[in-house]
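Build out the structure end to end from the sequences listed, making use of the hints.
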Amino acid sequence: MISVLKSLWIVFTHLFRKKVTVQYPDEKITLPPRYRGRIVLSRDPDGGERCVACYLCAAACPVDCISLQATEDETGRRYPEFFRINFSRCIFCGLCEDACPTYAIQLTPDVEMSEYNRNNMVYEKEDLLISGQGKYHGYNYYNVSGMAIGGKGKGEALNEDKPIDFKTLLP
Amino acid sequence: MEANVYWIWIVLGVLVVVLSLAAGLIWYERRLLGWVQDRQGPNRVGPLGLMQPLADVIKIFFKEDWIPPFASRVIFIVAPMITVFTILMSFSVIPFGSSIIVADLNIGLLFFLAMSSLGAYSIVLAGWSSNNKYSLLGAMRGASQMITYEVFMGLSLMGVVMLANSFNLREIVEAQRGLWNVIPQFAGFVVFFIAGLAETHRLPFDIPESEAELVAGYHSEYSGMKFGMFFVGEYLGIILISSMITTLFFGGWLGPSFLPGVVWFFIKTFVFISIFILLRGSQPRPRYDQLLGYGWKVLLPIALVNILITGAIVLMIGN
Chain D
1 MISVLKSLWI VFTHLFRKKV TVQYPDEKIT LPPRYRGRIV LSRDPDGGER CVACYLCAAA
61 CPVDCISLQA TEDETGRRYP EFFRINFSRC IFCGLCEDAC PTYAIQLTPD VEMSEYNRNN
121 MVYEKEDLLI SGQGKYHGYN YYNVSGMAIG GKGKGEALNE DKPIDFKTLL P
Chain B
1001 MEANVYWIWI VLGVLVVVLS LAAGLIWYER RLLGWVQDRQ GPNRVGPLGL MQPLADVIKI
1061 FFKEDWIPPF ASRVIFIVAP MITVFTILMS FSVIPFGSSI IVADLNIGLL FFLAMSSLGA
1121 YSIVLAGWSS NNKYSLLGAM RGASQMITYE VFMGLSLMGV VMLANSFNLR EIVEAQRGLW
1181 NVIPQFAGFV VFFIAGLAET HRLPFDIPES EAELVAGYHS EYSGMKFGMF FVGEYLGIIL
1241 ISSMITTLFF GGWLGPSFLP GVVWFFIKTF VFISIFILLR GSQPRPRYDQ LLGYGWKVLL
1301 PIALVNILIT GAIVLMIGN
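Chains as they are written, first to last, in our numbering: chain D, 1 to 171; chain B, 1001 to 1319.
Treat the hints as calculated values from the structure; they're not laboratory data. Since we're looking at a predicted model, the values are computed, not measured. Among the clues, some could well be false.
[Said to hold, decoys possible] With the C-beta cut set under 10 Å, the calculated list includes, among others, these residues of chain D facing chain B: (1) LEU8; (2) PHE12; (3) HIS14; (4) LEU15; (5) PHE16; (6) VAL20; (7) MET147.
Think of the CB as a built atom: it goes at the ideal place given N, C-alpha and C, for glycine as much as any other residue.
Printed below as a string of structure tokens:
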């Protein structure tokens, strides 16, 4: 009987404690910056798209929700002709972000993505592409890779040696 | 029936107030349970969430009111009505104010005990007519629990009757003008409180409906408004037992005269309703045999000894 009264008293004192409810949507929970929320496609510091349509994210995706098609522009730079993510399938695991070699695809701490119509949950490239660099600033893939595209020839990247003319290496 | 022209207003008033209180309890219980669990309760539907009962009532009206084809139709439909009917009838003998009473019966207390005994029928009939083993289990447990606790519910009140010399609830309240009955009859109060908890099958005595144990116990097969009636019947039972505790042990409508008697009655009833809700939020559910053993082996002897001692003292003082 005493334990009943004691637990009654403890429960009663909880009436006067601070409540842990976050009154959404008036107050929102602050999510940490590496939270795996909505997927975006970022741009490099010069304003071009980072995505080179290498299909690595589509291959890494465990639920196959990414669909894209590669194409080249006139300078030889690859980019996705279309890039489609089906967010009703996406599990927000972040494996695509880990697989991307150019830091193009990123997961942002935004979770407010509800729709009334299931067809609106398929995001196209214009819904995914952002005008900034996302979480990784100052990284341009073509600065550190050996590809030759318009505006950058072979050997002009960071820490890259110029290609050797082997015909002048003859003894 | 006296020629009190206000009598029809009293009847209507009691009915309306009690039913609104039961609806308000939907909101109050969820809110209080929330606060006690470090969270807000429902506070979105209307100011402070006060429209929540309205939303719940509308939702329940629109639910499919399905009667299982394997159930006994007539009894299935009648069972929830018995709950609400007996509890509302019990309200007719409670004195809410100095002259606000629907039926000034000379055996008011016996009437209340009789009505709560009839209320046990609703559980048995509901579980039995559902033709479902879980409902039947809940019903049988409920029946034995309610019968057990009814025995000493009546016995614990005999001390009060001895002190007031009458079964009439109005006279019991009048007899408490000097001292509230809780002080001389503390054991009776405790036994009646626990028995009242069991009669309304509230936690920790909600074995008949044990959520998460027996699906929903005796009302598993009920949906729509019939379930709503069980639900409202449970809240009405809480209000009834709290009102009976204030009437019998805490002086009913008596109180300092700066507030009218009705207001004191409701304040005291409100305190006990809150205690009922707090008990729900804090107590684990005892095992079924522990429950019945507690009733027969602990509370019944206490009730009997209470009668013995009260009777002896009343005879000695020569009342």
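Quiz prompt | Unmet hints by their number, sorted upward, for this structure | solution = Hint 7 alone not satisfied by this model.
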